[in-house]
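Undergrad: As you go down the protein sequences, you meet chains W and R in turn. This note's numbering numbers the first residue of the first sequence as 1 and each following residue consecutively. This note's numbering numbers the first residue of the second sequence as 1 and each following residue consecutively.
By construction, these hints were calculated from the structure, which means they are not laboratory data. Any given hint could turn out to be false.
List of simulated lysine-lysine pairs, DSBU-like, C-alpha gap at most 30 Å [what the hints assert, rightly or not]: (1) W/K136 - R/K304; (2) W/K167 - W/K68; (3) W/K244 - R/K244; (4) R/K269 - W/K167; (5) R/K304 - R/K289; (6) W/K244 - R/K304; (7) R/K332 - R/K206; (8) W/K269 - R/K332; (9) R/K167 - R/K136; (10) R/K206 - R/K136; (11) R/K136 - W/K167; (12) R/K269 - W/K244; (13) W/K332 - W/K167.
Cβ pair distances, simulated, as ranges [what the hints assert, rightly or not]: (14) R/M282 - W/M130: 53 to 63 Å; (15) W/A79 - R/L240: 46 to 56 Å; (16) W/V163 - R/H96: 34 to 44 Å.
Each residue gets a CB set at the ideal place from its N, CA and C atoms; glycine is no exception.
Number of protein chains: 2
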Amino acid sequence: MAASTALTVNYTRIQTLTSYFQHCRSKRWINLKTVNRRINRRSPFCQSLKRHAATVVSGTELARQIHKEVQSDIAKLVAQGNRRPHLSVILVGNDHASHTYVRNKTRAASLLGMSSSTIFRPSSVSQEEMLELIDKCNRDRSISGLLVQLPLPEKDVDGFHIVNIGKLCLDQRCMVPATAAAVWEIIRRMGIETVGKNVIVVGRSKNVGMPIAMLLHSDRNHERPGGDATVIMAHRFTPLPRLKELASLADIVIAAAGVPHLITADMVKEGAAVIDVGINRMQDPVTGKLRLVGDVDFEAVKKKAGFITPVPGGVGPMTIAMVMKNTVTAAKNAPTY
Amino acid sequence: MAASTALTVNYTRIQTLTSYFQHCRSKRWINLKTVNRRINRRSPFCQSLKRHAATVVSGTELARQIHKEVQSDIAKLVAQGNRRPHLSVILVGNDHASHTYVRNKTRAASLLGMSSSTIFRPSSVSQEEMLELIDKCNRDRSISGLLVQLPLPEKDVDGFHIVNIGKLCLDQRCMVPATAAAVWEIIRRMGIETVGKNVIVVGRSKNVGMPIAMLLHSDRNHERPGGDATVIMAHRFTPLPRLKELASLADIVIAAAGVPHLITADMVKEGAAVIDVGINRMQDPVTGKLRLVGDVDFEAVKKKAGFITPVPGGVGPMTIAMVMKNTVTAAKNAPTY
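In isolation and in its complexed conformation, chain W is listed as follows (with noise of 0.2 Å):
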């Protein structure tokens, strides 16, 4: 799909408008990239500067990052005399994409340093192995972090645990399931702000609607922090018009429904993040051949959109560096004992 590009930041002009922003109270929210976007593109103070497309933000390249920062937190670990932390997969079933997704991860742990496994089972499996299985895997204190992998892609359960996803509805610190944390991350290092802002979440899964919708409506100052947006929660059941309506007056659209190209440009409010979470495999009409595309009509809305990620490239490689990150977070907090 579409290249993505660098952003370019020219922090100098940032200094002088200090003072127009002041208003701001709460600062964090506004990192120089958004204070600087702001300048180029929607500021009154520029208005005579021409309307261009979309950021596009390189899940690849901000995975690259996390990596670095996961890669030397490992080492310091180990320094420290720590164990390495490991990685274990349960594989279940033989479906390509599951295969794939787990090579990618564990590929993935090995380059930062992280051990790991994969156990195999049949799609036969019993409900009664698998649990007593995890449960084993939850003893084993040489395992850091456990990834369940169901022959469906959307059933995987990374941090997905009815305890967990309790803490994390009550803003208590806790394991954010990969996919939410990926767009969270993509988020808060993009410096797109959130506070007061109006989020459309479209797709409401319990491993990725749900928890986005979680974080970016909570409060910013709890223990697991939240965005402090207005969100809205959309799905199946949202009539398309109404969806329509309300998805233009979002700052932030996250699409997360499964539906290939939902969310067209009209959709889409001038300047507005896009955040695309699907994955969706469509035969491609000219080649014939499968190619993997997202639920935001890409090529349409990135002329309309301040920010937009690809599919590939955008939500999927952020997600495996959240997975890491996970991992190590659980290596960190397992009891040393």
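Please arrange chain R on chain W, whose structure you already have, making use of the hints.
TA: Using the frame of chain W, we list chain R on its own:
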């Protein structure tokens, strides 16, 4: 506050119009009352009929219905040789409102045939002692339900525990926090449709706003059924013009912000259902007396809404009824060994 009027429903007019409603596939979401209201007020067949003010939903009346159901449930349980359901309350501090709440709850319990007991602790009680006390009550098999009433009423923790909230947010069978359950039950018993409708929940507290949003946006076919509505979560960081804009689109407005008269008539769509969860103490400008008011400008909104709950006499008594219902459910689910 305003006297609540009972619903008078003319069921005979329904029969001839059945075919008109056959396009509504999910019939269980449309009960006769809704249909009748439609015929009386919104159907194209009756456009000449004059617009009248909202149906004032009497929480007191609905609570009475539920109390009767609970009473007969308890009688059955006891007749089957089970232990009588018992409600225990831990009451911390001397707050007048808390004492009133607890008295109302224990009185309701005894009227319904439940036994109850109150454990008093000063507000200086240590966190440790509280946890021990709660743990002791949890292990005590003679106690079916436990309420912890902390000094501030908004910290009421009915149905409020990490695992329970985890289950709630994953749409699993669970104890729904009493106030959220009250709102849900009002919507259901009044026959207000939610599937595909637009709901705004104003206020994101973990015991009221958040669980209401969870109930209403989720899937009606899940283990803990949801409302399949598009849900907007608004809160203190939602700018007022934006709140007005979003509320005007809502078929159901749930006000749970704790701000007197936050929801004014200009924010409410003609015919919307307005459920007022706010309980605010305000000095009457004329009499100088303290009185309870909700988050909704009742007198003005009543003229525009389709349904409205008063304060007092709306969500309040229903909340107590739901505590009773939750206690009996707990007694039913308790192990009998």
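Undergrad: If a hint holds in the structure, say so; if it does not, say that too.
TA: Cross-check of the supplied hints:
With a C-alpha separation of about 60 Å, the suggested pairing of W/K136 with R/K304 is violated against the 30 Å cut-off. Straight-line distance between C-alpha atoms of W/K167 and W/K68 comes to about 28 Å, which keeps the hinted pair within the 30 Å bound. Distance check on the hinted pair: W/K244 and R/K244 sit about 19 Å apart at the alpha-carbon level, within 30 Å; holds. A hinted pair counts as satisfied when its Cα atoms are at most 30 Å apart, and R/K269 with W/K167 does not qualify at roughly 36 Å.
Note on R/K304 and R/K289: the hinted pairing holds, with a Cα-Cα distance of about 28 Å set against a maximum of 30 Å. Annotation: proposed proximity of W/K244 to R/K304 holds, straight-line Cα distance about 26 Å (limit 30 Å). For the proposed pair R/K332 and R/K206, the alpha carbon gap of about 26 Å is at most 30 Å, so the pair holds. Distance check on the hinted pair: W/K269 and R/K332 sit about 52 Å apart at the alpha-carbon level, beyond 30 Å; violated.
Distance hint between R/K167 and R/K136 is fulfilled; the C-alpha atoms sit about 23 Å from each other, no more than 30 Å. Restraint check: the Cα-Cα separation between R/K206 and R/K136 comes to about 25 Å, which is no more than 30 Å; the hinted pair holds. Between R/K136 and W/K167, the direct Cα distance comes to roughly 23 Å. Compliance with the 30 Å bound is thereby established for this hinted pair. The hinted pair formed by R/K269 and W/K244 meets the criterion: a straight-line CA distance of about 19 Å does not exceed 30 Å.
Proposed proximity of W/K332 and W/K167 is supported: the alpha carbons are some 19 Å apart, at most 30 Å. Evaluation of the 53 to 63 Å hint for R/M282 and W/M130 yields a pass: the beta carbon distance comes to about 56 Å. Distance hint check: the CB atoms of W/A79 and R/L240 are about 53 Å apart, consistent with the given range 46 to 56 Å. Remark: the range hint 34 to 44 Å for W/V163 to R/H96 is upheld by a beta-carbon distance near 36 Å.
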